[in-house]
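Below, each chain spelled out in residue letters.
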Amino acid sequence: RKEVEQDPGPFNVPEGATVAFNCTYSNSASQSFFWYRQDCRKEPKLLMSVYSSGNEDGRFTAQLNRASQYISLLIRDSKLSDSATYLCVVIPDSGYALNFGKGTSLLVTP
Amino acid sequence: ETGVTQTPRHLVMGMTNKKSLKCEQHLGHNAMYWYKQSAKKPLELMFVYNFKEQTENNSVPSRFSPECPNSSHLFLHLHTLQPEDSALYLCASSHPGTSGREQFFGPGTRLTVL
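If you read the sequences in order, they're chains A and B. In this text, residue positions in the first sequence follow the working numbering: the first is 1, and each later residue adds one. In this text, residue positions in the second sequence follow the working numbering: the first is 1001, and each later residue adds one.
Hints were generated in silico from the structure; no laboratory data involved. Where is the CB? At the ideal position from N, CA and C, for every residue including glycine. One or more of the hints may lead you astray.
Said to hold, decoys possible - Beta-carbon label-pair distances, calculated as ranges:
| id | chain 1 | residue 1 | chain 2 | residue 2 | range |
| --- | --- | --- | --- | --- | --- |
| 1 | A | N55 | B | Q1054 | 43 to 49 angstroms |
| 2 | B | K1018 | A | Y70 | 40 to 46 angstroms |
| 3 | B | T1055 | A | Y51 | 42 to 48 angstroms |
| 4 | A | E56 | B | H1079 | 29 to 35 angstroms |
| 5 | B | G1028 | A | Y51 | 24 to 30 angstroms |
| 6 | A | A29 | B | P1083 | 17 to 23 angstroms |
| 7 | B | H1079 | A | K45 | 28 to 34 angstroms |
| 8 | A | L80 | B | Q1054 | 38 to 44 angstroms |
| 9 | B | V1012 | A | K2 | 39 to 45 angstroms |
| 10 | A | R59 | B | G1014 | 29 to 35 angstroms |
| 11 | A | L74 | B | Q1082 | 23 to 29 angstroms |
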């Protein structure tokens, strides 16, 4: 079983739509969780951390469900500029490794 | 930008060549990383350096040889590579004790091995 699994998509949504991505992880001892964003042919950049209580940053909401070992990202009122690949990242309980999912591709259309 | 630079941005090399990738960070971090990103695969951590000491080698073949002369610079020396080593090689840096800390990525070197 892969450590971090994501639906690769692509998700094609119209501007203004709400879209949600899920990610599951296999290591129940994982401690830290993030969503990174990667634009085409660019480097990944941190979008937001994910906290157990859930957290929101503008149009973006992240949730963590430790019991079911999944993380979600909700994007409201999608913009064209949200088109990118969204990477789910999990840090295990020790070491420095970031475990990346393959990413979910989002295309927001006019 | 991110404060992490990489050179060259593109590299084409034959299987018998020797080349080096360079990474420099201007963020005052003490941990640096090499990642490999291949098509349709997740990012794979290759090496971790913490205060210039290698703390992780993720079963990387010996044809990849990292070097970290100081906390700001990281190299990846390449020799006798295989075509399947063609990928985007990303450098990243962070504060040490990185659990929960953001990693900042450079723009990457796109490597093609012929």
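A quick look at each hint next to the structure:
no. : hint                                   : verdict
1   : A:N55 with B:Q1054: 43 to 49 angstroms : violated (34 angstroms)
2   : B:K1018 with A:Y70: 40 to 46 angstroms : holds (45 angstroms)
3   : B:T1055 with A:Y51: 42 to 48 angstroms : violated (27 angstroms)
4   : A:E56 with B:H1079: 29 to 35 angstroms : violated (48 angstroms)
5   : B:G1028 with A:Y51: 24 to 30 angstroms : holds (26 angstroms)
6   : A:A29 with B:P1083: 17 to 23 angstroms : violated (37 angstroms)
7   : B:H1079 with A:K45: 28 to 34 angstroms : holds (32 angstroms)
8   : A:L80 with B:Q1054: 38 to 44 angstroms : holds (43 angstroms)
9   : B:V1012 with A:K2: 39 to 45 angstroms  : violated (31 angstroms)
10  : A:R59 with B:G1014: 29 to 35 angstroms : violated (48 angstroms)
11  : A:L74 with B:Q1082: 23 to 29 angstroms : violated (42 angstroms)
In the structure shown, a violation is registered for the earlier hints numbered 1, 3, 4, 6, 9, 10, 11, in ascending order.
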